[in-house]
Amino acid sequence: MSLGVPFFFRVLVFPGFLFVLLITLFCDWFERKVMARMQNRMGPSYTGPFGILQPFADYVKLFTKEDIVPRHAERFLFAVSPILSFSLFVLSVFYFPFDGVNVFSNAGFEGDLLLVLAIVTFAHFTLFLSGWSSSNPYAGFGAIRILTQFVGYDIPLLILAVSPSLIARSLSLAKIAESQLIPFALLIPWIFILFLIALQAELEEDPFDIPHADTELVAGYGTEFSGRKFAFIRLSKDVQIVFGAVLTANLFLGGPYGPVLYGSPNIWFTFWFILKILFVIVILQLVKAVCARLRLDHVLRANWRFMVPVALLAFVLTALYSPWAHFLMGVPR
Amino acid sequence: MKPEEEVASLIQGKLQSSVIGVKTPGPRRADIMVKSGFHRDAVSVLLEGFPQTMISTITALDLGDEIELDYHFWCGRTEATIRTEVSKSRPEIETITDIIPGASLYEREVFDLLGVIFLGHPDLSRLVLPEGWPREQYPLRKDWSPELTERSGFSENKPVKVGTVWAGGGGGSLVSVVLGPQHPALHEPERFLFKLDGETVVDVEPRLGYAHRGIEKAAEQLMFFQDVHLVERVCGICNVAHSMCFCQAVESLGEIEVPARAEYLRTIVHELNRIHSHLLLLGIAGLEVGFESLFHYLWRDREIVLDLTERLTGNRVMAEFSTIGGVRRDLNPILANEIKKGLSVLKGRMRFYKKVFSVDPTFTARTMGIGVLKEHEALKLSVVGPIARGSGLEIDVRKHDPYAAYDEIPFEEVIYKEGDSWARLMVRLDEVAESIDVITHAVDNLPSGPYRIRVSRRMPESEALSRIEAPRGELLHFVRGNGTAYPERVKIRSPTLANIISFRQMIKGCYVADIPAVLASLDPCFSCTDRMAFVDVKDDRRWIWSMNEIKARRERKEP
Amino acid sequence: MRRLELPQMIKEVAVALFSKPFTRQYPFSKPQLPEDFRGRQIFHPERCISCGLCARDCPAEAIEMIEVSDREMPMIHLDSCIFCYICVENCPRSALTGSTFYELASPSKQDLVLKPDGQETGQRGD
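Chains as they are written, first to last, in our numbering: chain L, 1 to 333; chain Y, 1 to 559; chain V, 1 to 126.
Derived by calculation from the structure, the hints in this document are not laboratory data. The C-beta atom is built at its ideal place from N, Cα and C for all residues, glycine as well. Accuracy of the hints is not assured; some may be wrong.
So, partial list: chain Y residues that the calculated Cβ filter (under 7 Å) puts toward chain V [said to hold, decoys possible]:
#, residue
1, Leu222
2, Glu320
3, Lys355
4, Val356
To be clear about the criterion: a stretch of chain L counts as covered by chain V if any three or more of its residues have a C-beta under 8 Å from a C-beta of chain V, and this derived list gives those stretches [to be verified]:
#, region
5, 160-171
6, 232-240
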């Protein structure tokens with residue numbers, strides 16, 4: 001991996017930082033449009049064709065707003081945590097093979113799935129710090145809830161995220177994507193569905209919307225942020241959703257590999273990956289639209305009584321099922 | 001014996017010489033004047049004779065040298081008023097909150113606005129006026145005018161020190177959280193101070209008055225027929241209820257008989273308003289528990305009702321339909337058909353919503369068993385409307401004290417026994433279905449004849465009380481005339497005032513996350529001015545800043 | 001936690017996803033108002049008999065009688081007006097009638113006045 005111009009191009013532009021940013025803004029628009037249509041209304045429509053520039057306009061507006069720091073806030077953490085969480089989420093997205101290989105121009109390494117999950121855990125912790133350093137009761141509550149909910153989904157999420165590697169026989173993101181001759185969503189659907197539930201909790205979307213429940217805690221951990229810092233908090237949220245969709249697409253839908261490839265495969269890889277991301281987002285929004293917000297104790301109870309045992313069971317089931325899965329895909333044992 | 005005579009004779013029998021005068025001015029109305037000092041006995045007699053007695057409100061009037069106090073109760077199918085007087089120079093009277101706790105807010109209101117001191121009241125603090133209001137100024141007294149307060153130096157733009165808001169102690173682990181006046185969970189401003197232990201609510205103290213606009217005082221400066229429009233604006237959502245109640249009170253005062261067609265038309269608009277209000281609230285309830293889609297769907301279906309109201313009255317929300325002597329517009333057959341068609345579509349939608357509300361697991365998890373108010377508590381606190389009916393109490397003014405066309409239209413009173421937030425929301429849902437039936441029946445059986453009669457502007461020197469079932473509960477208007485075209489006193493008791501006192505009972509032991517759900521099921525309706533309460537975390541001081549102070553601080557930070 | 005089985009809402013949401021939005025795209029598409037919608041009043045100076053009933057009866061004190069060519073005629077302050085239409089009802093000669101015009105928002109308060117010289121005021125320049 002040489003540090004020449006191609007490397008920086010990949011990191012900063014495509015499929016690196018700028019690309020991720022654009023995808024995030026696009027997904028933000030897409031989510032809002034899908035959600036609006038499900039609620040029988042229009043969603044963004046007037047900024048740009050079909051309202052596609054709306055997220056861009058929103059962030060430009062936020063960047064130009066006044067940045068107020070509360071008197072009793074922990075200044076350093078308050079200033080740093082939004083950017084830190086944003087950066088960590090973006091970094092975790094870099095490891096996915098967007099155009100066949102990841103941003104660093106290699107096929108990842110064994111265990112980069114675990115690395116990515118660890119980075120995201122850190123990012124959650126920085127979100128907690130952002131709320132905690134705000135010195136505001138609402139933000140404090142939101143921060144506590146983020147950690148409490150974290151306890152409520154993290155274990156099943158990790159178990160389920162690692163399950164595909166039983167079939168792919170690898171913990172490398174690129175290899176998992178590669179080995180999906182039949183997408184794992186169809187091959188091990190029980191893992192897929194449970195994973196979606198756990199993912200919805202990680203993304204803090206309804207029914208697991210608790211940490212930033214706007215009708216309860218104003219804005220949860222983001223209450224005291226304004227202007228640029230708030231823009232970063234929101235961006236972290238959006239990149240987190242993109243990360244979730246990317247992870248799902250990679251682990252269960254075959255990543256960048258699609259059934260049709262004409263000409264240069266790299267463009268097609270990106271195309272299929274983005275298509276799958278959008279598909280996952282539609283599913284997540286559907287779940288969001290039909291659910292009310294569950295209370296924290298409901299989530300915790302559901303986790304320990306249902307999700308953890310069922311996830312373990314599913315994991316074991318997948319391990320036993322693995323030879324049969326290989327047979328279905330026509331792969332030698 | 002008629003119910004009002006029963007009540008009157010009971011009190012007269014028990015109190016004998018302490019009773020100065022007894023009147024039964026109409027069906028289900030009784031007025032009993034007692035000697036000063038005997039009001040407590042009268043109230044106790046009522047409670048013993050009729051255990052389901054509930055206090056409606058306490059009206060106070062400035063008579064010059066005396067202040068008259070009217071205690072209005074609903075008991076034994078009669079609205080009974082116990083009347084007594086205190087002298088203005090020493091306006092003290094014993095409280096009745098130990099006998100009937102629901103009277104606490106009404107006594108505070110009288111104390112705040114007229115200066116009557118209720119001895120023995122557990123917490124006689126201001127209810128509606130702001131903290132810095134000068135002590136000796138009582139707006140509802142006849143000798144008060146706004147200039148007096150201005151001259152005394154009171155200005156909204158000065159910061160005011162407020163003492164510790166909490167009367168009780170509180171351990172070190174309890175956290176005080178202020179909710180409001182600006183908060184996404186409230187669609188109108190009010191301040192709640194919650195004491196929390198982790199995520200559990202230990203206690204709450206509401207502070208009202210953010211929406212106080214002095215309408216009762218303003219009503220004395222306008223003529224009766226103008227007051228109809230003023231009173232309508234007490235509440236945007238239940239505006240039909242207020243104007244109708246006021247018109248009924250004035251018609252009772254002037255002994256005016258309203259034509260039958262007008263009664264039916266009033267019923268139609270009243271029920272349309274009820275449907276509108278309930279659909280609005282059900283959407284809000286969905287929003288509060290995080291169910292946005294339900295909110296959008298319900299409000300989309302609400303448009304059916306808004307369009308019908310617009311065609312009938314000329315405006316989507318502010319109907320301005322009732323007037324003294326009848327209604328202002330007629331219903332033509334084409335519109336009558338449209339109403340029936342639109343409502344039958346809505347009825348189908350309500351079946352869908354009923355299923356969702358009853359069966360959806362996330363929704364029921366957030367509302368079933370949450371914010372329980374037991375039946376005996378509801379009775380003691382004298383709550384009204386869907387909150388009472390959700391706890392099993394049978395109090396629907398339309399059924400038990402019929403007005404307008406309700407004695408001729410068959411409908412069911414909706415009662416749920418569970419007493420939780422879910423029950424309260426289901427009461428409203430079922431009431432929408434009932435209202436649709438009522439309107440259809442009224443439209444089909446509309447009597448012919450005039451829809452309005454012209455009345456004189458002057459009203460006799462008398463008084464009248466009118467109760468109706470607003471969407472949120474029992475609404476009471478008490479009007480006293482003095483022979484001119486201007487009222488002597490207009491007293492309005494809106495249902496939320498009766499219900500807010502139950503919030504404390506409901507929320508104890510619930511989680512913070514339940515607060516919006518319970519509040520939404522309460523359906524509070526207040527409106528307001530601008531204030532922010534500050535709690536300094538370091539030394540637990542509390543004070544209130546005015547808008548100017550806030551602006552001043554902001555400017556200091558700008559580079 | 002029970003199983004997330006919500007057949008009604010899922011069906012509803014899926015149908016809504018593919019239906020036309022309920023939103024009315026104002027100002028590109030204006031609503032059809034009923035004829036007796038209470039919008040801005042219209043004044044007919046030729047019918048006015050200067051009785052002053054409208055000004056006296058207005059609950060919001062929004063009508064001022066001003067002198068126009070030797071006669072007193074009503075001027076309505078639309079920013080105080082509550083559109084109750086008591087003035088329209090009580091006028092003995094129907095000199096004040098209603099209309100469905102409701103787009104009264106204006107950047108200046110001076111515009112929000114219905115002058116008795118029969119001119120249209122308070123219109124937005126679109």
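Taking the hints in turn, this is what the structure says about them:
1. Leu222: holds, 6 Å
2. Glu320: Holds. Min distance 5 Å.
3. Lys355: With a closest approach of 5 Å, the Lys355 of chain Y hint holds.
4. Val356: holds, 6 Å
5. 160-171: violated (count 0)
6. 232-240: Since 0 is below three, the answer is violated.
Violated hints, in rising order: 5, 6; the structure is consistent with all others.
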